[in-house]
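Generate the whole structure from the sequences, applying the supplied hints.
Residue numbers (UniProt numbering), protein chains in the order written: chain A, 1 to 351; chain B, 1 to 351.
Possibly wrong hints are sitting among the right ones.
Listed below are the simulated DSS-like cross-link pairs for lysine-lysine, each with C-alpha atoms no more than 27 Å apart in a straight line [as the list claims (entries may be wrong)]:
| no. | chain 1 | residue 1 | chain 2 | residue 2 |
| --- | --- | --- | --- | --- |
| 1 | A | K176 | B | K176 |
| 2 | A | K81 | A | K23 |
| 3 | A | K270 | A | K299 |
| 4 | B | K261 | A | K151 |
| 5 | A | K270 | B | K36 |
| 6 | B | K270 | A | K176 |
| 7 | A | K299 | A | K105 |
| 8 | B | K151 | A | K228 |
| 9 | B | K270 | B | K299 |
| 10 | A | K348 | A | K81 |
| 11 | B | K89 | B | K348 |
| 12 | B | K89 | B | K105 |
| 13 | A | K270 | B | K195 |
| 14 | A | K270 | A | K228 |
| 15 | B | K176 | A | K151 |
| 16 | B | K195 | B | K41 |
| 17 | A | K195 | B | K299 |
| 18 | A | K151 | B | K151 |
| 19 | B | K23 | B | K81 |
| 20 | A | K4 | A | K348 |
| 21 | A | K343 | A | K299 |
| 22 | A | K195 | B | K270 |
| 23 | B | K349 | B | K105 |
| 24 | B | K195 | A | K299 |
| 25 | B | K4 | B | K41 |
| 26 | B | K228 | A | K151 |
| 27 | B | K151 | A | K261 |
| 28 | B | K176 | A | K299 |
| 29 | B | K89 | B | K4 |
| 30 | B | K270 | B | K105 |
Hint data in this document are derived by calculation from the structure and do not stem from the laboratory.
These numbers were taken from a predicted model, which means no experiment stands behind them.
There are 2 protein chains.
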Amino acid sequence: MTNKSYQLAVVGATGAVGQQMLKTLEERDFPISTLKLLSSKRSAGKTITFRGQPYTVEEATPASFEGIDIALFSAGGSVSKALIPEAVKRGVVCVDNTSAFRMDKDVPLVVPEVNEHDLQSHQGVIANPNCSTIQMVVALEPIRQAYGLNKVVVSTYQAVSGAGLDAVEEMEAQTKAVLAGEEASASVLPVSGDKNHYQIAFNAIPQIDLFQENGFTFEEMKMINETKKIMHLPSLEVAATCVRLPIETGHSESVYFETEKSGASAAEVKERLSNAPGVTLQDDPTNQVYPMVTTAVGKPDVFVGRIRKDLDRDNGFHAWIVSDNLLKGAAWNSVQIAESLIKLNLIKKQA
Amino acid sequence: MTNKSYQLAVVGATGAVGQQMLKTLEERDFPISTLKLLSSKRSAGKTITFRGQPYTVEEATPASFEGIDIALFSAGGSVSKALIPEAVKRGVVCVDNTSAFRMDKDVPLVVPEVNEHDLQSHQGVIANPNCSTIQMVVALEPIRQAYGLNKVVVSTYQAVSGAGLDAVEEMEAQTKAVLAGEEASASVLPVSGDKNHYQIAFNAIPQIDLFQENGFTFEEMKMINETKKIMHLPSLEVAATCVRLPIETGHSESVYFETEKSGASAAEVKERLSNAPGVTLQDDPTNQVYPMVTTAVGKPDVFVGRIRKDLDRDNGFHAWIVSDNLLKGAAWNSVQIAESLIKLNLIKKQA
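Here it is in structure tokens:
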């Protein structure tokens with residue numbers, strides 16, 4: 001794609017998403033001349049191996065970004081808010097996996113299969129959408145192109161790794177406790193910063209992120225607002241119910257949608273999806289072929305199946321969408337944005 | 001409620017639902033003069049304690065029903081199909097927890113909070129609806145009464161105990177295997193009689209029961225057809241996506257519904273639900289109060305929360321509905337039907 005190579009920083013290198021970013025950069029053979037691994041003070045000093053070489057993780061400070069071409073941020077919203085303006089000042093193009101800048105009108109919010117063209121107007125920051133939004137828009141964009149889109153109602157089935165490694169450890173410890181007939185203690189989920197914590201093992205918690213005044217959670221509002229922005233459909237009707245489940249990695253979504261044009265068949269919708277970028281259609285009920293996290297995790301694609309026409313509305317459809325929340329939902333989409341920026345010649349090399 | 005007492009048979013006494021039926025009959029102090037515990041040949045001979053007395057489980061045959069007033073069936077559709085006509089011939093009123101007779105036009109399909117009056121026309125058989133249907137209609141009926149109901153889109157989060165004790169054991173064994181880094185073997189879920197079996201531990205399987213030709217599963221079609229029948233709304237738009245999850249007991253449902261009348265507020269809907277029979281409203285987002293299986297299991301009620309108005313449609317609402325699938329979803333609803341039959345004087349005592 002290019003014969004240039006880039007000075008890259010990964011901020012949040014020790015986290016669940018940061019680790020997947022490094023794995024993805026290795027697998028994609030991303031053109032890196034210098035790699036800097038950054039983190040909070042707490043994780044600084046750890047050693048991480050990349051392409052067979054040991055790297056010492058450094059504390060991220062404004063000066064860390066001197067000479068960097070591209071930085072991938074995944075260390076929480078407050079780190080992004082503090083350091084991205086500093087990095088941009090130093091000429092770095094930042095791909096941010098947090099929600100800090102997603103709804104800023106000057107910041108493109110990009111899923112390359114849907115709106116790669118929005119990268120053209122970037123001013124140093126590109127936001128990576130919320131994991132549950134990404135997999136949904138990849139599946140809905142080919143539908144929008146063919147039939148238009150009026151309404152989306154989504155119920156999610158989200159994995160604990162979306163809440164970080166602490167949440168994964170909590171789920172495992174609780175699961176062992178419950179199986180041993182012991183009390184399961186909770187201090188992370190549903191939201192580490194909220195007042196109460198509940199057992200996720202063998203449970204379903206209808207809260208991801210904090211509640212807003214309208215009764216929706218921030219996770220639900222992210223899905224609603226980000227979908228409209230990415231798809232350039234400000235008047236699209238979107239509603240979401242986001243639920244945390246005892247699954248380590250891999251988000252699933254039950255989606256009902258209504259198209260603008262009526263009359264498409266389920267077979268036609270499947271045909272569109274089977275040819276769509278980033279989508280793998282898994283839809284053969286007779287042979288029990290449908291997406292599941294156990295088969296989707298570790299793969300970059302969005303898996304779509306159980307497509308069926310609504311029994312009442314001629315423009316209504318139901319679908320089941322599964323993807324690896326740490327890959328397409330985070331690390332892979334961020335790396336893919338960086339690759340698109342390079343392909344479109346939108347990164348000024350600093351040195 | 002009455003000073004009569006009845007000769008009662010429980011068919012499928014050793015199963016997951018049968019055990020809950022016995023527990024419920026004890027707790028309700030159900031007026032039993034004679035109790036007969038029946039099962040398949042395989043389980044006959046086992047001993048079960050009821051009200052401190054040991055009972056030997058007998059193989060269910062047509063002759064078992066001589067002299068019985070009421071029989072609660074929960075031993076699978078084929079047992080119900082074979083034995084219910086024999087029991088009815090012998091004057092027994094049968095409450096059937098299987099899907100064998102649910103859609104027969106001569107068989108009332110009853111959730112007492114919704115359509116107790118349908119019991120009046122029974123001809124010896126009353127069907128107990130599907131677990132996931134029951135909890136949904138208990139929550140939707142007060143809405144229908146106040147505002148009418150046009151459309152329902154439900155995505156379920158269903159526990160493995162709905163597939164029987166074998167499924168619960170399979171989930172536990174798989175969970176231990178996965179935590180130990182071993183291969184998880186599957187031979188029961190998603191559907192014991194289907195071709196392929198998949199791991200449920202740390203997974204979400206979008207299949208409950210077999211697939212029909214239209215791409216919906218039988219479980220989804222049960223929710224669709226039974227909801228219309230119970231609520232006496234043949235033209236209600238209903239769609240369902242049913243998903244099995246690694247939860248032992250307790251079904252959750254994310255429900256989007258549209259009312260006939262527009263303009264109700266979420267607060268008004270909550271008010272209606274807080275006064276509805278069989279419903280416990282748990283809806284206080286500020287204090288993270290919402291229904292969860294960990295708090296609902298073991299209780300007879302249907303728990304409803306996360307009520308919010310759709311952001312786009314003035315007649316649209318979202319809700320989260322949780323109940324114990326073995327209690328209100330099965331055992332408790334069956335016992336409740338038997339209690340209603342007694343209350344309405346619809347059981348002829350045989351002896």
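Right, here's what the structure says about each hint:
1. Among the hinted pairs, K176 of chain A with K176 of chain B is consistent with the structure: their alpha-carbon atoms are about 8 Å apart, no more than 27 Å.
2. Distance hint between K81 of chain A and K23 of chain A is fulfilled; the C-alpha atoms sit about 25 Å from each other, no more than 27 Å.
3. Taking the CA atoms of K270 of chain A and K299 of chain A, the gap is near 21 Å; set against the 27 Å cutoff, the hint holds.
4. Only pairs whose Cα atoms come within 27 Å are accepted, and K261 of chain B paired with K151 of chain A is accepted, the gap being roughly 20 Å.
5. Between K270 of chain A and K36 of chain B the alpha-carbon distance is near 53 Å, which puts this suggested pair outside the 27 Å criterion.
6. Between K270 of chain B and K176 of chain A, the direct Cα distance comes to roughly 37 Å. Violation of the 27 Å bound is thereby established for this hinted pair.
7. A hinted pair counts as satisfied when its Cα atoms are at most 27 Å apart, and K299 of chain A with K105 of chain A does not qualify at roughly 32 Å.
8. Simply put, K151 of chain B and K228 of chain A have alpha-carbon atoms about 24 Å apart, close enough for the 27 Å limit, and the pair holds.
9. Of the supplied pair hints, the one linking K270 of chain B and K299 of chain B holds, its CA atoms being roughly 21 Å apart against a limit of 27 Å.
10. Between K348 of chain A and K81 of chain A, the direct Cα distance comes to roughly 23 Å. Compliance with the 27 Å bound is thereby established for this hinted pair.
11. Restraint check: the Cα-Cα separation between K89 of chain B and K348 of chain B comes to about 13 Å, which is no more than 27 Å; the hinted pair holds.
12. With a C-alpha separation of about 19 Å, the suggested pairing of K89 of chain B with K105 of chain B holds against the 27 Å cut-off.
13. With a C-alpha separation of about 24 Å, the suggested pair K270 of chain A and K195 of chain B falls inside the 27 Å cut-off, and the hint holds.
14. For the given pair, K270 of chain A sits about 23 Å from K228 of chain A by alpha-carbon distance, which is consistent with the 27 Å threshold.
15. At most 27 Å may separate the alpha-carbon atoms for a hinted pair to count; K176 of chain B and K151 of chain A exceed this at roughly 42 Å.
16. The straight-line distance between the Cα atoms of K195 of chain B and K41 of chain B is roughly 26 Å, inside the 27 Å bound, and the hint therefore holds.
17. Using a Cα cut-off of 27 Å, the hinted pair K195 of chain A and K299 of chain B holds, with the two alpha carbons roughly 26 Å apart.
18. About 14 Å separates the Cα atoms of K151 of chain A and K151 of chain B, which keeps this hinted pair within 27 Å; it holds.
19. Using a Cα cut-off of 27 Å, the hinted pair K23 of chain B and K81 of chain B holds, with the two alpha carbons roughly 25 Å apart.
20. A distance of roughly 11 Å separates the Cα atoms of K4 of chain A and K348 of chain A; the hinted pair therefore holds under the 27 Å criterion.
21. Between K343 of chain A and K299 of chain A the alpha-carbon distance is near 23 Å, which keeps this suggested pair within the 27 Å criterion.
22. Under the criterion of a C-alpha separation no larger than 27 Å, the hint pairing K195 of chain A with K270 of chain B is consistent with the structure, at around 24 Å.
23. Taking the CA atoms of K349 of chain B and K105 of chain B, the gap is about 25 Å. The hint holds against a cut of 27 Å.
24. Distance hint between K195 of chain B and K299 of chain A is fulfilled; the C-alpha atoms sit about 26 Å from each other, no more than 27 Å.
25. Between K4 of chain B and K41 of chain B the CA atoms are separated by roughly 32 Å; this puts the pair beyond 27 Å, and the hint is violated.
26. At most 27 Å may separate the alpha-carbon atoms for a hinted pair to count; K228 of chain B and K151 of chain A meet this at roughly 24 Å.
27. Between K151 of chain B and K261 of chain A, the direct Cα distance comes to roughly 20 Å. Compliance with the 27 Å bound is thereby established for this hinted pair.
28. For the proposed pair K176 of chain B and K299 of chain A, the alpha carbon gap of about 25 Å is at most 27 Å, so the pair holds.
29. The suggested pairing of K89 of chain B with K4 of chain B holds, with an alpha-carbon distance near 23 Å, which does not exceed 27 Å.
30. A hinted pair counts as satisfied when its Cα atoms are at most 27 Å apart, and K270 of chain B with K105 of chain B does not qualify at roughly 34 Å.
Hint violations for this structure: numbers 5, 6, 7, 15, 25, 30, all remaining hints satisfied.
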